[in-house]
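Assemble chain Z onto chain D, guided by the hints.
Quick mapping for you: the protein sequence lines, in order, are chains D and Z. With our numbering, the residue at position 2 of the first sequence is 2, and numbering never jumps. To convert, count from 1 in the second sequence and add 1000; that's our numbering.
If you are wondering where the hints come from, they were derived from the structure by calculation, not from laboratory data. Each residue gets a CB set at the ideal place from its N, CA and C atoms; glycine is no exception. Where hints are given, some of them may not hold.
Stated by the list, open to error - Here are the computed lysine-lysine pairs in the DSS-like style, where the Cα-Cα straight-line distance is at most 27 Å:
hint, chain 1, residue 1, chain 2, residue 2
1, Z, K1022, Z, K1038
2, Z, K1187, D, K97
3, Z, K1044, Z, K1022
4, Z, K1031, D, K97
5, Z, K1196, Z, K1184
6, D, K68, Z, K1013
7, D, K97, Z, K1022
8, D, K95, Z, K1280
9, Z, K1245, Z, K1174
Unchecked claim - Listed next, with one range per pair, are the computed distances between beta-carbon atoms:
hint, chain 1, residue 1, chain 2, residue 2, range
10, D, K95, Z, A1282, 53 to 63 Å
11, D, E16, Z, W1238, 37 to 47 Å
12, D, R73, Z, Q1265, 12 to 22 Å
13, D, K95, Z, P1316, 30 to 40 Å
Unchecked claim - Some chain Z residues judged to face chain D by a derived CB distance under 10 Å, without partners named:
hint, residue
14, Q1018
15, I1021
16, R1023
17, S1040
18, S1105
19, S1106
20, Q1133
21, A1134
22, I1192
23, G1201
24, P1218
25, L1270
26, L1272
27, G1274
28, K1275
29, G1279
Here's the letter readout for the chains.
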Amino acid sequence: MSTNVMNIISGSILEEEPTLNLAELCQCCQTPAEFIIRLVDQGVIAPLEGESTRQWRFHQSAQIRTHKALRLRQDLGINLSGVALSLELMDEIDKLKRELNHLKHIAEHELFDA
Amino acid sequence: MEYKDYYEILGLKKDAPQDEIKRAYRKLARKYHPDVSKESDAEKKFKEVGEAYEVLKDPEKREAYDQLGANWKAGQDGFQPPPDWEQNFDFGGGGYTQGNAEDYSSFFEDLFGGDRASSGRYYRSGGATGGFQAKGENVRAKIMVDLEDSLNGTKQSVKMAIPEVNEQGQVVSKHRTLSIKIPKGIKEGQTIRLSKQGNPGHGGGEPGDLLIEVAFNPHKLYNINEKDISLNVPVAPWEATLGAKIKVPTPDGKKVDMKIPPDSQQGRKLRLKGKGLPGKNAGDFYVVLQITLPPSSNPKVKEFNEKMRDEIDFNPRSYLF
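Bound conformation, chain D alone (with noise of 0.2 Å):
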């Protein structure tokens, strides 16, 4: 049973969208918000604003960085300070791939230059 759907779809850029507050996250996450509490405290999400949790205000990539947190304890069995060490060091990862690419760039106009 397959279709194919031809229109155009227009989207949005998530992370340019209104910041949500504690009750939202934890909707479109699915998870209590005791969850997102200990993921604030491990400093895996910030909030953008608030003193306390009632006035938090997150940027919407929180939700997406929430999800892989959930996937990553859930199928690989791994605690939330094992967690927010991976999601760290992901993100550096990713960092000194882009640094990477730029060098290679200039490597390769280099040895063209030459």
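Chain Z in isolation, oriented as in the chain D frame:
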């Protein structure tokens, strides 16, 4: 139906002890986890590994599988379980012990599927009975776009298999090709959200969203960092020393005149504001000067440089001592 060699998938021998199966699974699960691996077929591999482990970790299922598998080669089509299958092994009511029903292959389903309607993620998270409503799960995907796509905002086709629940309550894979608009000015790592294009909702709830993570194909000229774009531009030593006016290509396909200030050192960055990726906070375009030497095989070049060496008092390394 295609026969699957679960041992091969986990990289194990047929007589591997149980704890070795566990170790192999854990290692491969970490390797192919779609949030960890950058390989495009990571999700497929992750599911295969999960399916293989689901069977091999359970001694009863493993034994049943071993009996079946003895006469079959992996990948062979037309596989049918023997007619008395399941009489000797009772999986009927057990279903999956963990994992998501829609993730398993039809090979697995036919052997161990059991009573679908009482297991699997849809029913566990949504509640099988009563008027419970829940939003469908979000579906994730990744696309590679070119710099030009972000500059101009184009459309791109995305092919995906989306599990759906049919009238019988079965999970079927439905292939869809979506033509999506790449928003102008999108940058690496951002996510395009397509509302209600994800998995269907439960009990009449809303469908989930389709979340597409964007990555850029490397560009042969330009380097992209967040919203900024940079270009290495070679200049002659005298252009860098005396200053010059040169023509530079910009990402939008135009050419601009650019003034190089006198005494520009190697690597100097010249900025064209707002000429990076477009958008509310448009990025900048940087021209990075690369001083490029003319070859000394040219006698004139040799002559000029010897003259500079002999007549100019300049020690670039004075700060080292």
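Hints, verified against the model:
For the hint pairing K1022/Z with K1038/Z, the CA-to-CA distance comes to about 24 Å; that is within 27 Å, so the pair holds. As the CA atoms of K1187/Z and K97/D are separated by approximately 16 Å, the hinted pair is consistent with the 27 Å bound. The suggested pairing of K1044/Z with K1022/Z holds, with an alpha-carbon distance near 19 Å, which does not exceed 27 Å. Distance restraint check for K1031/Z and K97/D: the Cα-Cα separation of roughly 18 Å lies within the 27 Å cut-off, and the hinted pair is therefore satisfied.
A C-alpha spacing of about 22 Å is found between K1196/Z and K1184/Z, which places the hinted pair at or below 27 Å, so the restraint holds. Note on K68/D and K1013/Z: the hinted pairing is violated, with a Cα-Cα distance of about 33 Å set against a maximum of 27 Å. At roughly 32 Å between alpha-carbon atoms, K97/D and K1022/Z are farther apart than 27 Å, so this suggested pair is violated. The straight-line distance between the Cα atoms of K95/D and K1280/Z is roughly 24 Å, inside the 27 Å bound, and the hint therefore holds.
A distance of roughly 58 Å separates the Cα atoms of K1245/Z and K1174/Z; the hinted pair therefore is violated under the 27 Å criterion. In this structure the supplied range 53 to 63 Å is violated for K95/D paired with A1282/Z, their Cβ-Cβ distance being about 23 Å. Hint check: E16/D to W1238/Z, Cβ distance near 46 Å, so the stated range 37 to 47 Å holds. A beta carbon spacing of about 50 Å between R73/D and Q1265/Z contradicts the range 12 to 22 Å that was offered as a hint.
For K95/D and P1316/Z, the Cβ-Cβ distance of about 32 Å falls inside the hinted range of 30 to 40 Å, so the restraint holds. Given the 10 Å rule on beta carbons, the hint for Q1018/Z is violated: about 17 Å separates it from the nearest Cβ of chain D. Residue-level restraint check for I1021/Z is violated (minimum Cβ-Cβ distance to chain D is 15 Å; threshold 10 Å). Nearest Cβ of chain D to the Cβ of R1023/Z: about 13 Å, over the 10 Å cut. The hint is violated.
With its C-beta approaching chain D no nearer than about 16 Å, S1040/Z sits outside the 10 Å limit, and its interface hint is violated. At about 17 Å, the closest approach between the beta carbon of S1105/Z and any beta carbon in chain D exceeds 10 Å, and the interface hint on this residue is violated. Violation of the interface hint for S1106/Z is found here, the shortest Cβ-Cβ separation to chain D being roughly 13 Å, above the 10 Å cut-off. Because the closest C-beta pair between Q1133/Z and chain D is about 13 Å apart, greater than 10 Å, the hint is violated.
A distance limit of 10 Å between C-beta atoms decides the matter here; for A1134/Z the minimum to chain D is near 8 Å, and the interface restraint holds. For I1192/Z, the suggested interface contact is upheld, since its CB lies about 4 Å from the closest CB of chain D, less than 10 Å. For G1201/Z, the shortest C-beta to C-beta distance to chain D is roughly 12 Å, which exceeds 10 Å, and the interface hint is violated. Of the supplied interface hints, the one on P1218/Z holds, with its beta-carbon coming within about 6 Å of a beta-carbon of chain D, less than 10 Å.
The restraint placing L1270/Z at the interface with chain D is violated, with a minimum CB-CB distance near 16 Å, outside the 10 Å limit. Restraint check, L1272/Z versus chain D: the minimum CB separation of about 19 Å is more than 10 Å; hint violated. Taken as an interface hint, G1274/Z does not check out: its beta carbon lies about 18 Å from the nearest beta carbon of chain D, beyond 10 Å. Because the smallest distance between the Cβ of K1275/Z and any Cβ of chain D comes to about 19 Å, over 10 Å, the interface hint for this residue is violated.
A hinted interface residue such as G1279/Z counts as satisfied when its beta carbon comes closer than 10 Å to some beta carbon of chain D; here the least separation is about 8 Å, so the hint holds.
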